[in-house]
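Asker: Sequence:
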Amino acid sequence: MSVNKCIFIGNMGRDAEVRTTETGIKVAQFSIACTERAYTNKAGQTIPERTEWIPVVAWRGLAETIEKYTHKGSKLYIEGRFTTRKYETNDGQKRTVSEIVAESIEMLDPKRDVPPLPPEPEQKLSYNP
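If you read the sequence shown in numbering that gives the first Met the number 0, its first letter stands for residue 0, the second for the next number, and so on.
Certain hints may be false.
Stated by the list, open to error - Derived DSS-like pairs (lysine-lysine); straight-line CA-CA distance at most 25 Å: (1) Lys4 - Lys85; (2) Lys71 - Lys25; (3) Lys41 - Lys74; (4) Lys25 - Lys74; (5) Lys25 - Lys4; (6) Lys4 - Lys41.
The hints are simulated quantities; they were obtained by calculation from the structure and are not laboratory data.
Given only the sequences and the hints, what does the whole structure look like? Please build it.
Answerer: Here's what the structure looks like:
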């Protein structure tokens, strides 16, 4: 048995690039920044802050959600699987791309510009034994 599952929390570095495939399937591509804080190790050496840029691909409904509700700077929780694909450029150069294919995305930014829901009307429950 093997498991291919990645979990990231980070901020989008730019707005997603969203397109529709020839077969009508929507796909969004974007990167998130995951930053490790600076720290001092046991030897007293200061290790500087380090940011990793994680390329992410979201398909179908997830792509639509990314397109509608996210933007540069959005904080996201992403679960997905690590994939590597190969392709050839128009000028014949071979390329290899490693990326995360999103399986679940949650938006972590506080909700803004959304009016609060009105309170539920009180319901009187009658109980007659």
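Asker: Does each hint hold? Answer for all of them.
Answerer: Hints and how they fare:
{"no.": "1", "hint": "Lys4 - Lys85", "verdict": "holds (21 Å)"}
{"no.": "2", "hint": "Lys71 - Lys25", "verdict": "holds (19 Å)"}
{"no.": "3", "hint": "Lys41 - Lys74", "verdict": "violated (32 Å)"}
{"no.": "4", "hint": "Lys25 - Lys74", "verdict": "holds (22 Å)"}
{"no.": "5", "hint": "Lys25 - Lys4", "verdict": "holds (23 Å)"}
{"no.": "6", "hint": "Lys4 - Lys41", "verdict": "violated (31 Å)"}
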